[in-house]
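Q: Protein chains in written order, with UniProt numbering: chain A, 1 to 154; chain B, 1 to 265.
The set of hints was computed from the structure by calculation and includes no laboratory data.
Please note: incorrect hints may appear among the correct ones.
[To be verified] Computed cross-link-like contacts, BS3-like style, restricted to lysine-lysine with a CA-CA straight-line distance of at most 30 angstroms:
id, chain 1, residue 1, chain 2, residue 2
1, B, K161, B, K85
2, A, K117, B, K170
3, A, K117, B, K26
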Amino acid sequence: MTVVSMTVNGKSVSADVEARTLLVHYIREALGLTGTHVGCDTSQCGACVVHVNGRAVKSCAMLAGQAEGAEVVTVEGLARDGELHPVQKAFREHHGLQCGFCTPGMIMTAVDMIRRKPQLDEQTVRDELEGNICRCTGYHNIVKAILAASEEMR
Amino acid sequence: MYQFNYVRPKSLADAEALLAKADDPKLLAGGQTLIPTLKQRLAMPSDVIDIGSLKELAFIKVEGEAIMIGAGTKHFDVANSPDVKKHIPALAELAGMIGDPAVRHMGTIGGSIANNDPAADYPAACLALDAKIHTTKRLIAADEYFKGMFETALTDGEIIKEVTFPHPEKAAYMKFPNPASRYAMVGVFVAKGPWGVRVAVTGAGQNGVFRVKEMENALAKNWSPDAVASIKVPADGLLSDLHGSAEYRAHLVTVMAKRAVAAAG
């Protein structure tokens with residue numbers, strides 16, 4: 001067992017875990033933050049996307065130890081003072097979810113892409129969503145929600 | 001995953017020492033292939049030595065007529081580097097086509113070429129651009145480096161430090177991605193520079209990346225898509241799987257080569 005420490009959603013955290021613990025399991029099981037989902041477990045679906053040091057990554061394709069000392073943000077860390085993040089609001093407004101399982105990863109990917117590319121168009125959003133799968137195939141409204149949020153945040 | 005010891009060396013020298021000491025170690029760079037492999041229990045290393053956060057391996061430098069890219073440089077950083085975009089735009093585009101955005105935020109050039117997946121993108125760029133691979137032990141020319149499927153010239157205890165790409169006069173990469181995995185079904189990198197003309201193909205060969213000399217000769221005489229349009233590679237020795245037969249891949253090599261030459265201008 002190894003003590004792994006990092007900052008998650010602005011709070012310093014620390015947990016004694018096996019070296020083989022994935023970041024997503026550290027977040028869900030050691031910290032109890034179950035907003036981050038495990039969808040495929042083969043690093044294809046993107047339900048587990050979180051931000052590590054400001055970049056969107058798949059937390060099921062990363063060991064907790066690799067995030068030692070890092071700044072991690074999960075979907076729980078987006079809302080401010082009870083107010084949803086503009087991307088979360090846009091997903092609600094535009095019905096950007098059906099079953100909701102892929103939503104945490106979609107939102108974290110969306111926040112990352114809007115930050116990197118303030119001038120988004122539909123094709124760019126679809127390209128950028130390459131690593132996020134919605135099994136309900138609800139992409140149309142996801143894309144609409146991201147474009148609306150990007151407009152709102154400009 | 002099986003159990004292993006996880007260590008995070010503070011320097012390349014520390015990493016070498018740990019590598020020499022461990023029973024059956026594996027180096028971890030970005031982990032975008034290694035972690036999924038470990039999860040499927042397809043590998044059982046005694047020690048995982050994480051060199052992914054070594055600052056000394058993450059850099060992009062221009063020196064003379066070449067770009068040096070540190071082995072730990074992420075695909076995202078190569079894709080967005082003003083220097084790479086300026087001097088070898090084809091390389092920046094290639095890096096921006098690997099996996100998906102989250103994978104590009106973690107995956108590294110060193111990890112990609114150390115693994116030498118037969119469908120990886122970087123090996124085609126290294127071979128076509130006559131890249132030099134600098135390791136902790138020596139300098140290896142790309143032609144001598146890629147040895148076969150998942151096989152390289154690297155020896156035990158050897159770590160890639162950087163890859164040097166000379167600036168080409170013309171270059172382009174065209175990839176026909178597998179729509180599910182985004183790996184190349186066939187990817188063709190064409191380049192023309194002081195080292196001559198090279199055509200490197202990834203995704204198709206049973207032994208990994210390879211050059212097509214006949215196309216190189218034709219392009220050296222006449223740099224145009226028409227020059228390669230009637231050159232077919234034999235299907236023998238090409239990959240055949242549920243995504244495409246060897247014959248299909250052979251056909252794609254010509255199509256992608258034509259498109260790459262057209263894109264290179």
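Q: Next step is simple, just say for each hint if it's right about the structure.
A: A quick look at each hint next to the structure:
no., hint, in the structure
1, B:K161 / B:K85, "holds (22 angstroms)"
2, A:K117 / B:K170, "holds (28 angstroms)"
3, A:K117 / B:K26, "violated (36 angstroms)"
In the structure shown, a violation is registered for the earlier hint numbered 3 alone.
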